Structure formats: structure tokens, C-alpha cells
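K.L.:
The residues making up each chain are set out below.
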Amino acid sequence: MTQQACTGTKAGTSRGTGDNDSFDLLIVGVGGQGTILASNIIGEACILEGRNVRSAETHGMAQRGGSVETHIRIDGRYGPLVPTGAADMIISFDLLEALRYRHFLKPSGTVVSAEGIVVPISAFQNNLEIPSADWIKEQMSDIKLITVDAEKLAKDAGSILSQNVVMLGAAAKILPLKKESLLKAVEELVPKKTVEINKKAFLLGYESA
Amino acid sequence: MVTRYMLGNEAIAYACCEANLDFASGYPGTPSSEVIDTLRAQKLRDFYVEWSVNEKVAFENALGAAWTGVRSLFTTKHVGLNVAADPLMTSGYTGVKGGFVILSADDPYAHSSQNEQDSRIYAKFAGIFCLDPANVQEAHDMILTAYPLSEEFEIPVLFRPTTRICHSKSNVGLNEIGKDGVGTEHRTGNFGKDPRQYVVVPAHTRILHKKLIEKQDAMAEHLVKLGLNRAEIKEGSKTAVIAGGIAAEYVREILPDDVSFAVIGAYPIDTEWLASFVGRHEKVLVVEELAPVIEEEVRQVAGKVSVFGKKNGCVPYDGELTLEKVSAAFEKAGIKSRRSFVPVAPVADLPPRPPILCAGCGHRAVFYAMKKVFGKDAVFPSDIGCYTLGIQLGTVDTTICMGASITIGSGISHVDNKQIVSTIGDSTFLHTGIPGLINAVYNGANQTVVILDNRITAMTGHQPNPNTGITAKGEISPTISLEAICRACGATFVETVDPYDLLLLLQTFTKAKDTKGVKVIIARQPCVIAAKKSGLKRRRLTVNPDVCIGCKACVRFGCPAIEFFDKTASITELCSGCGICAEICPKSAISQEVI
Chain A
294 MTQQACTGTK AGTSRGTGDN DSFDLLIVGV GGQGTILASN IIGEACILEG RNVRSAETHG
354 MAQRGGSVET HIRIDGRYGP LVPTGAADMI ISFDLLEALR YRHFLKPSGT VVSAEGIVVP
414 ISAFQNNLEI PSADWIKEQM SDIKLITVDA EKLAKDAGSI LSQNVVMLGA AAKILPLKKE
474 SLLKAVEELV PKKTVEINKK AFLLGYESA
Chain B
3 MVTRYMLGNE AIAYACCEAN LDFASGYPGT PSSEVIDTLR AQKLRDFYVE WSVNEKVAFE
63 NALGAAWTGV RSLFTTKHVG LNVAADPLMT SGYTGVKGGF VILSADDPYA HSSQNEQDSR
123 IYAKFAGIFC LDPANVQEAH DMILTAYPLS EEFEIPVLFR PTTRICHSKS NVGLNEIGKD
183 GVGTEHRTGN FGKDPRQYVV VPAHTRILHK KLIEKQDAMA EHLVKLGLNR AEIKEGSKTA
243 VIAGGIAAEY VREILPDDVS FAVIGAYPID TEWLASFVGR HEKVLVVEEL APVIEEEVRQ
303 VAGKVSVFGK KNGCVPYDGE LTLEKVSAAF EKAGIKSRRS FVPVAPVADL PPRPPILCAG
363 CGHRAVFYAM KKVFGKDAVF PSDIGCYTLG IQLGTVDTTI CMGASITIGS GISHVDNKQI
423 VSTIGDSTFL HTGIPGLINA VYNGANQTVV ILDNRITAMT GHQPNPNTGI TAKGEISPTI
483 SLEAICRACG ATFVETVDPY DLLLLLQTFT KAKDTKGVKV IIARQPCVIA AKKSGLKRRR
543 LTVNPDVCIG CKACVRFGCP AIEFFDKTAS ITELCSGCGI CAEICPKSAI SQEVI
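Sequences listed follow chains A and B, in order.
Going by the numbering used here, the first sequence opens with residue 294, and the numbers climb by one from there.
Going by the numbering used here, the second sequence opens with residue 3, and the numbers climb by one from there.
So that you can see chain B by itself, here it is in the shape it has in the complex (with noise of 0.2 angstroms):
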């Protein structure tokens, strides 16, 4: 045993390693793709990794694997499982032989997201497992439960933590790779030929699904004989809680000694058990983020025992719960909390600081010129990525899910004749751009696109693409070219610039608004930060003091190199040196520095 202050998805892989995984895929999103990027980063490395194209994509990868016997994981964000939720409903009738789990990181509070889906009604809706750890030692823990788990009943296990156990870290105890064989036995995969089992025709899937209604009772009640759902009964107390996931944290810091509590860290539940601990008791509250899964099921048994939870007020459906907001259900529901909070408010009316795009960001000038060209009276809907950031420039109108930006601008541009700029990084063109863009080009919808090519997954850590060149194992891959595949699409204009060059994206862009249909426009040029790590330097920019008028054209640019003091712009040490500001400038006051 080993102690290390680890990041909770660091501890979920490593345990992944501990059970002796074999083969991963996943597509990048926050909170969840860390799991994927150790997994990758790991010495020795006697398993398969992959990113893969899309979430959908990756789930099928990973359940053939697990259909031949091996371990398995897919790895996604709450809104990736949406992607892989035609195989996800699927799959606990076909079942597996290998262990297979399902890790979908859900995000309370939207940290980094576009809702607050809960990835455990996905569970109860495909009738399959779902473990939900309270801490970072519990994450670890449960994957070593999960894949025994999942081969004993033949059912794939989603495991569901929250970004306050992924982005969180702990002491965490681990049982050492290599040390008394632990991570060493891997099995190869042996498909056995089984079409009742794997050929969801009618007459196959109709006896599925009764076999997969059949082990729901027992599935419930192994996770009570587990631990995984347990109850600390206090004699004589008529006061229960109930907590699930990372409530149970809150609640064990301020539950007085004398009331009962019961952990809920995995489904479906047990409804005898939870009906005899629920009996016991007068009042029950039930604590949980997001949905009210548990307090549902915790109402069918109640009985003639008050229950409070969501459904009457005392805990929100929405956001991240807090000390503050489990001490105040508390307070609500009549128990007496072990520490009290006052909660202060933030100083009022600083200079927010929000995320920006980084200096020398190629999609900043992109949205520069298509602002300049189609002004304000166009269109933009965009997609998932750093360039949603483009929100501040103006140039970002819709988001709504991964590869949307092509496809609500299809919708739009047949209803309404505004110009209609679409924009879309190449990843997410790839995950699933391209459906959108056939269509637009079949249909004949009347739009531009503009690829935002930066050559890989940016926003959630600089994960390689197809279109990176290289795999997540880091082996060359076979090149594969945007402008092929637009072309292939249907499009004919497709034109590539480098966002670096303004005048020709401001031609580019002027050419496309002057042409009827579908047109795409490549604009490529490596993501700032990846290109800096590989060592390329550019020089970087000054501004003459003497010559700058103050007009703060370079400032409404919106880089974080450019400051304004007295008068006059200057250019800090964050300037990577892109040079668009010196074209911007209309007294030509700014130039490369000289060394």
C-alpha cells in the first residue's frame, strides 16, 4: 500500500490499472478526460488507450472489446453519454463478458458545461449499474468493485463522478503496479460467436430485455451485500438523512451523533432494505445533487414518513451543493446541524475576470475579420470549444451541443436570409461536423463555415486528433485533410487562410459573403499554447508611444497582451507575437520588436 495526493481522476485511472484493465477509449471533455491522459502517460503501458473520434464512437470501441472477454473503459463528460446513448440502451441486454465501465463524469454548476444532465437516470433508463463515489479514495475503491462487479452480473457499470471528485485531490491509498503482481494479468480477447446474445433482431431482443428485467431484483440487492448502499442505524433516533454521491462528504461533517444515516453509492436500490431503514424513522432527509433519483425512490416507500429533499424546497435541483446549502437543508427539515455557517456575500462590482482566448490565438482574428465582413446583422452560430470564448467578441450568437454550429445555421439559413457564419474547431468538425455539413451541401442550405483548425482538442488539455497527426499512444497516424473531406461533402468552395494573414481572411471572407450556397473556409494555424511547447518563438510586438494616437483600436481587439494607460496602448510579455494588432493599427504604431 502506498499513500499519494493524487487528482481524482488520476486515482480512477490508477485503479483502472490496479483491475487490470485492457483497453480505453474515450473522447475528451471537462471534468472527465484526465482519466484517458494518465492512462496514456503511463510508463509501462501493457493495455490499449485511444482517443477516439466521438463519444458514440468510443463506446462501441470499448463494448466489442469487452464482448471478447477483456476489461474495458469508455471514458466521456454527462453530455458525451447523450452521443453514446444509442449503444448505452443497448447494451445491458446484449450485456457483456469482460468487465466494461461506463465513466461519465457529471458536472454540477456547469463548470465546464452546457447543462446539469444526471448521468444516473442514464443508468436506471439502460438497466444497468451506476456507482457514485462520495470522495477521491472511494472513486479508486469503487473501480475495483466495479469490474468484478460487472463480469459477475454480465452488465456494463456506469461510474459517475463529479467534478468535485475528478478536480479534487486527496490522500489517496493505492495498491502499487507491480508490486505482488497488482495491474500484471491481462487477458487477450476471444470473440465467441453468440448472434442471440449480439444480434439484437426482434426475436433476440425481446428475450433480452426479459432477462435484463430479470436481474434487476439481484443486482439490487448484491450492492447492499457489497457496502456499496449501507445505513448507520442510531437506536431510538426517529431523525433519518440519506445521501448520495458527494452530499454524503457534507452531511458526514455536520450529522449530530444521535440521528441515522444512510449512504447511497450505487443503484439500482434495494427497495426492501431502503424501505425497512426509511420505516424506522419519523422524518428522512434526503440529500443529493441534481436530480432527485434517491429522493423518488425514497417517497415510493415512505409511507406515512415525512420526507424532505427537492421536492419540498429544502434542497436545490440545480448547482454544486456546498456545507452551506446542506446546513441550511438541515435547518429546513428540522435537524440540528454540527456547525453552523453565515454565508458572506463577494465583494460587489470588482473588474470581473473571465476566461479569454489566449494572446496570439488564431481564432481571435478569425472572428476580427468575419465581424468586419458581415457585421453585426449576420448570423453566428458556433459550436463547443475555446472559441465559444468568441461570445465576447461578438461573434458568437447560439451554442447548444457538440457539432450544432453547422446544423442550427443550416435551419436558419432556410427561414431567414441573414448571412449565416458558422463556426466550428476541427475537432468538433470531426466528432460530428461533418453529418451537418452533407446536409447543408444536400439540402441546399446557403451558409459559410469557417474550420477554426488549431490541429487539436485545446480546451480540455490538448488531447491529439485525427487531424493532430499523432494518437494518444503517441504513434505517427495516417494524415487525413479538412479540405478532402468538405470537398468529398459536396462543398465547392473551400478555401484555406491563415487566420495570421488578416487581409486575406478579410478577402476570403468578402469572396465568401458574395457567393451563393455552401462555403467552407479553412483557417489553420496551430493553438498558441501547443505550438510555444514544441518551441517555436515568434518576436514580439511594441508600440511607439510616440506615435500611438490612444484610439484603443488594438484594445477592442480584445488580446491580453495589450494594456491601455495613460493614453496609450502598450504590449506586455505575454505577446506571442502573432502580429495582428500591428495590422489593425491605423498609425501603423506598432511593430516587431527589434533585438
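So that you can see chain A by itself, here it is in the shape it has in the complex (with noise of 0.2 angstroms):
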């Protein structure tokens, strides 16, 4: 049998409280806005910088367009899932899915939620109330939440597609991990041409949080 290769090194910048010993987050968001990237960076700089890795992915089918979640255990040694109540944070790219996953928040939590809303069509054919970001910023206002104009400074970074990686410059200063390796793995991962835009996306996306 292979040896377990990581050995679950802390770089003990800010962590979770509670009795979970891994940092356990969610991101979240609508199929297709990119949740699978920021993951895949979170999970490339828990590697560079040694250090255990669980996520747990939607695929299939539920990507059609259709909510999707994906749990990350920074530091994680067991299984993938986070329970409910028990997230150290969600990173969400639609503020709706932010309050649709918040009961996986424990307490001290913080959400960092992008502002914009894409609604979803089931409201349009079933003419169900269309919430407003004011009466969902309500709703989790016993709980810190730090929203970001993604749209905005995905734009000033260059391009709309790289809302994702301002999400994560923004999600930056309470990850448990350092600047410098997640700046790494946005380097590595995203396509060669959008380097550039996406590292420029990150320090927007960090500076605003």
C-alpha cells in the first residue's frame, strides 16, 4: 500500500473554531460559473504547501444550469462532506445560493458572497417572488457575510468570465492558506492566455475583502 504522502502541516494563519480540526468550507454557486476552478486552486495550493486535501464535487446531471456545491477540507484527513452547521465558510458566486447553503455555517462562520443574483427561471414560469438582494442580506444578518461586486471587478481585471478568481482573492484573507500559493495556483491552472487577467482578478478580488 502507498504511504499517505501529506502529513497535514498547519500554516496556522487564522482557523476554524469549533471542534472540527480541518478548515471545512463550501463553495457554491449556479452551474457553469466556474465553482470546479476555484476549487481545483484551493486544492493545487493545499499541495504546494503540503498539506491534506478533501473536496467533494457535483457532477452530472446537476450541472445543467442547476445549483451546485462543492465541500472542501482544508487540512481534512477523513471524509469529504462538511456537515451542516459546521462550515468555517462559504464562498458563493450567487447571493440566493449563499443563503440556500448558510445552514451549513456554524456560527462564527463568514460568507463571502458575490452581490449579483442570476434568478433562477423556475421563477419566471411559476411565478414565484423574485427575492431582493436587500431581503437576503437580511436574512443572514446574524451572521458575518461580506459580499463583493464581482461583476464589477472580474470587468476591471479584464474579462467577466474571472468573477470565480475574484471570489477567491476575496475568500484570500480568511483561507487558511498563503497568498503566494494561491496566487501560484491560479498561475498553474487557469488557460496560459488569462494569466495575466486572472492573477490581476485575485488582488482585485483581495483588496475589496
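No lab work stands behind these hints, which were simulated from the structure alone.
Misleading hints may appear alongside valid ones.
As the list claims (entries may be wrong) - Derived lysine-lysine pairs resembling DSS-like cross-links, with alpha carbons at most 27 angstroms apart: (1) A/K448 / B/K539; (2) A/K492 / B/K535; (3) B/K539 / A/K486; (4) B/K217 / A/K485; (5) B/K213 / B/K236; (6) B/K534 / A/K445; (7) B/K213 / A/K448; (8) A/K448 / B/K227; (9) A/K486 / B/K213.
Quick caveat, the model's predicted, so the values are computed rather than measured.
Take each chain as given, in its own frame, and dock them per the hints.
P.N.:
Put into C-alpha cells, the structure is as follows:
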């Protein structure tokens, strides 16, 4: 049997409280917004720092414009799923999705969410009330919520497609990973032509939060 | 040794390469598809790989290869193993020469499946090995164990990861391919004739069955020797937990230091070993997903030991396990968990965001026209693919398994006078749809069959099929004709339509409705995602707000590119230019953008 390669060194920046000994987070959004790339960047940063990481992703049919969730446990040594009420952090690419998954957050946790809302077409078809940004924020007034105008910052960086990297930058101050490791992972994982745009997107997000 | 952040399925594929794999075949199915997809994407691919037409075909191809002495892999999702069950059940009798791994990925909670069946039961049924990894690293390592194991006993190995292994990522330690000769020792097949082994006529098969039964004890003992089934006994502890698959990870996270723990990573389980472990304790909790496979074995050897598990309500039979559920099982069994959880409910009544057909998907137009022509009283049997999402449009009345749209429709048509319109994708039609069509024509069914032909196996990640014109290896394949196949099945009404031509769709459906017998309509338009990837661009549509009367006819079409604010429709950048909404709009308020 191959030995476990990583030893779970802890690069002790800010850590979650509670009784999990890993830093547990969710990345949520709408299928197609790039949650998997964001998860890969965090995972790669863990590898660069020689740390354990476990994650679980949504694949298959659920990707077709549906709500998607990725669980990540930095320094995780066991199963990949984060229990409800136990996440140190939620990174959301859509404000409505942040609310949909907030029950995963522990009371001391932080939500870092994009300001934008992709209105689910179910709302148009079934005449459902579309929640306003203010109402959604009100529902999360009891927890630490950081919102980011990801669309604007991504455009400033040079491409609207870099919103996921903007959000990762915005979350970077709370993630227990070095900024340099995350930036290196961004460099390694985004398409070569877009490296500069994405690095800028990361830094704009980082400064905004 | 190199460490990478890798998807479970990628780690499994990589391990197959490390293990000198020579032959791989499979049919796509979530959560198994990325194994073959990873293999076929290898730059240095010095093994054979194919996407097969269905799982039975794939299984038999791989078995044939294994009979020649090469190392072989067959991949499927759990329900695909039902399709391959016929050869599976006798493959233990014939055995193999080269190592043969049958990867059957289970899907607890049915994230992307029609049921929650447990492949471990198939392994027991067929008398073959089953390996059940608890995490991504173990999935990788177990593949390296599986091939020599299969060869030593000349028995196929069923490898059973679940969704949370296949679609999990973790840091994985790998033996780098090419370094120190890893993954470079390939074999050439050499089929040695031996009818007593490979021709299962009754006289041979009776002997082969006896031999298979005789192997079972040694197989079980060997799995303990390999450490795949292992126990950590805490001296003096009256309590033990036994877990298999990913449940072992959940248990490890919350297990108190003074409780004994056994991990079942492989089957058959050595009964004597199990009895000696269980017998040291007064109370045993068994934690596993899906069927109570381990639990039943434990109960058989338990004697006076109290057993907790599914059969006394501690562990659920359905769904996937979580830390919370395993912690609750601990509590029910009176074992203290190292972590405690208070489940939190989600915020209620948010607008749901289910998966939907893409903007510009040809299936949506077909469903729209079908409903318009045949009405809501018609019966719409459907099948397995992206188009099952047509349930949201009211045009999917039945889905049970691959290929069942035509057959369920025929059955209904013989006893119910309603109009029957079956929908089936091109890959599914080739998979198991054809026999149903022959049967429908042969037995005089009265139904319309719509083949939703997007020229690819879309839902599982755009794998090619014989209708795509390329193979898994990216080689051009001979063209097949769905029209010619349908005519050869005996259908005389075979019409091909472009789903983006709404008027023609409506006319063709009307003609089919007025014709008796089996009518086949092939609705052909490349998958919109695949078309975009290959560079196809169409001009977007736009709504003239001065003309729009807010009737919502376009909104009811259900395209995700159409929004509706302030009593006016609008079209977002998701639009891929199919133009159906423009044809639907009663006021001609929608037209192509002028650039």
C-alpha cells in the first residue's frame, strides 16, 4: 500500500473554531460559474503547501444550470463532506445561493458572496417572488457576511469570466492558505492566455474584502 | 512518488496505468465516466481503450481480452452492471488469465441515477472478489492490489467506488508513470484454446461451479492477509465498530480512542476472522451505506453479542451517510462520538434551482412541438439522458432504465388507446433501444418514437458514440445511419427533422399522429454545448420591448436565456441563437440581433 503522502502541516493563519481540526468550506453557485476551477485552485494551493485536502464536487446532470456545491476540507484527513452547521466559510458566486447553503455555516463562520443574483427560471415560470438582494442580506444579518461586486471587479481585471477568481481573492484573507500559494495555483490552473487577467482578478478581490 | 490533487476517478485511471493496464472498455454513466475519459486522454496511451455501445458489450470485450492474458478493465455505473449481469454471473466460472477489474460505481442518494442498488451484492452473487475503497488514496492503492489478486486466483475483481469517492478530490500519492519503468510493461494477448474453461456447456459448467465454490474460503482468507479487511483491537474494550467503504472515514473522524474498530475493504469476508473479532466484544455497531451486506455477516457470527445497524434502525438503508448520520448511529448504539452535531435545516421556500436543459437545446423545441400536437392526454414514455429533464415541460411520463422508452410505450399501446410518443436519445437508442423498436414493429404496436439525435452522449460529459463518427481514441469511425437502422427494423414511417425548424416539427408530428403503426421521427441537431465548443456561432435573439405585450408565451417555453421583468421579456447572453422563441412569439417581438 502506498503511504499517505501529505502529513497535514498546519500553516497556522486564521483557523476555524469548533471541534473540527480541518478548515471546512463550501463553494456554491450556479452550474457553469466555475466552482470546480475555484476548488482546484484551493486544492492545488494545499498541495503546494504540503497539506492534506479533501473535497466533494457536483458532477453530471446537476451541472445543467442547477445549484451546485463543492465541499472542501483543508487539512482534512477523513471524509470530504462538511456537516450542516459546521463550515468555517462559504464562498458563493451568487447571493441567492449563499442563502440556500447558509445552514452549513457554523455560528462563528463567514460567508463571502458575490453581489449578483442569477434569477432561477423557475421564478419566471411559476410566478414565484424573486428575493431582493436586501431581503437576502437581511436573512443573513446574524452571521458575518462579506459581499463583493465580482462582476465589476472581473470586468476591471479584463474579463467577466474571471469572477470566480475574484471571489477566491476576496476569500483569501480568511482561508488558512498563503496568498502566494493561491496565486501560484491560479497561475498553474487557468488557461495560459488568461493568467495575467486572473492574477489581477485575484488581487482586486483580495483588496476588496 | 509524486503527490497531486486529483479526482477519485482520475486517481483510479492513473492507478490502472501504473498497473500496466492493456485493455479498457465501458459505457458512460455518472459517477463512473471520468475513468475511461481520463484513460483516453492520456498522451502516452500504449493500451487499448474504447467506449462501447452498452455495458454487456463492454463487459464481454474486456472479458475476452482478459482471457488472452492481458490486464483488462470494464467500467460502468451500478445500473449498467444489470445490463452486463449475464456475462458477469458466469465470469467467475470461466475465470480469467490476465487481471480483470470490473469497476461498478454505486450512487447512494441517487444523485444521478434511477435507484440505489448495491454492487457488493452482485460480487457475492457471482462468487467473485469485491474491493470497496474508503477514500481516494485507497481507491488508487486498491487498483494496484486488484490486478495481481485477480491473476493469483484467476477471478475477476469487482471494484466498487461510490459517488463520494469517484467525485471527491484529495491529495493522492502516485507512482509516476514512466519513472523506473512504472506502467510500461505491457503484454500481448495470446488466446489459449481450452473449451472446458471457456465453453460453458452443462458438462463443463457443473465442474467450473464446483471449482469456484472451492476457491471461496482461500479468497476470504487472502483478503485478511492483504490487510484489506483489518481490525484495530482495543484491549479490554467491550464495544466495537465495523465499517466499510466511505463509512469507515466517517467512523474514524468520530471514533473514541477506547473502541475497537474493524474496516471491511474487501469481500468475501473471512467468517472465522470476523467471528473472532466480533466475539471479543459485547456490543458491535455496523456502519455501511446501502444494503446491510456486512451487517448480515456479522449477525450470522454474533452469537450473544448485541449487533446495532440497519436492522434495528441505527443506520439508514437509503441515501448516503454523513458525519451527522454516523454520529446519530453512535448515539443510538450507546457509543460516545468524539464530535457532536446539531443538524441545521436549510432556509425554506427559496425559489428552487433545479438542473435544466441548456439555452438552445434542440430537445426543448421537440418537447414543445410534441406537447402542442399530441396534447396532454398523450402518454410520453421517455428514457435516460439530458432529455429526462423534459419532465419539467410535461413531456416525460415514464423513465425506468436505459432503452425502456420504446418498450414501455409498446406495452401501453397494446392495451390503451391513447397516443404514445416515446423519446430516446441517439446513444440510448444504440445502447438498448433497437431491440425494442424491432419488437414494436414486429408485434404491431401503435406508437411514435422520437429519436433525439444530438450525435453525442451528452449528459455524462460528451463522450463519443458510434453516431458521433469518432472513437474514444479520437479516430474517425465508419458512419452509421439511424434512418437505415430504423428502416431495417421494419419501420416504414421514418422522417428526419431539424428541431430548430418549428413549423416542420409540428407538421411531422401531425402526420405521425394521423398515421397508424410505428412511426419514427429523428430530430437531429448537434448538442448545443458540443456545437459551441467546435466553434459554431449563431446570432443571439433580442426582444423589442415596444412590441412585447408580456404574454409570457416565450417564458413558458422554459429557456434559461429568457427573463421577465416589469411585464416584458428579455433575452440574456446565455442565448445561443436557436430562434425558437421568435417563432413562438405571437407578436413577432423577438428577432435576431443586428450586429
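K.L.:
If a hint holds in the structure, say so; if it does not, say that too.
P.N.:
For each hint, the structure was consulted:
Distance restraint check for A/K448 and B/K539: the Cα-Cα separation of roughly 23 angstroms lies within the 27 angstroms cut-off, and the hinted pair is therefore satisfied. Proposed proximity of A/K492 and B/K535 is supported: the alpha carbons are some 25 angstroms apart, at most 27 angstroms. Of the supplied pair hints, the one linking B/K539 and A/K486 holds, its CA atoms being roughly 21 angstroms apart against a limit of 27 angstroms. Between the alpha carbons of B/K217 and A/K485 the distance comes to roughly 55 angstroms, so the proposed pair goes past 27 angstroms and is violated.
Annotation: proposed proximity of B/K213 to B/K236 is violated, straight-line Cα distance about 39 angstroms (limit 27 angstroms). Taking the CA atoms of B/K534 and A/K445, the gap is near 26 angstroms; set against the 27 angstroms cutoff, the hint holds. Distance check on the hinted pair: B/K213 and A/K448 sit about 69 angstroms apart at the alpha-carbon level, beyond 27 angstroms; violated. With a CA separation close to 60 angstroms, the supplied pair A/K448 and B/K227 exceeds the 27 angstroms bound.
With a CA separation close to 61 angstroms, the supplied pair A/K486 and B/K213 exceeds the 27 angstroms bound.
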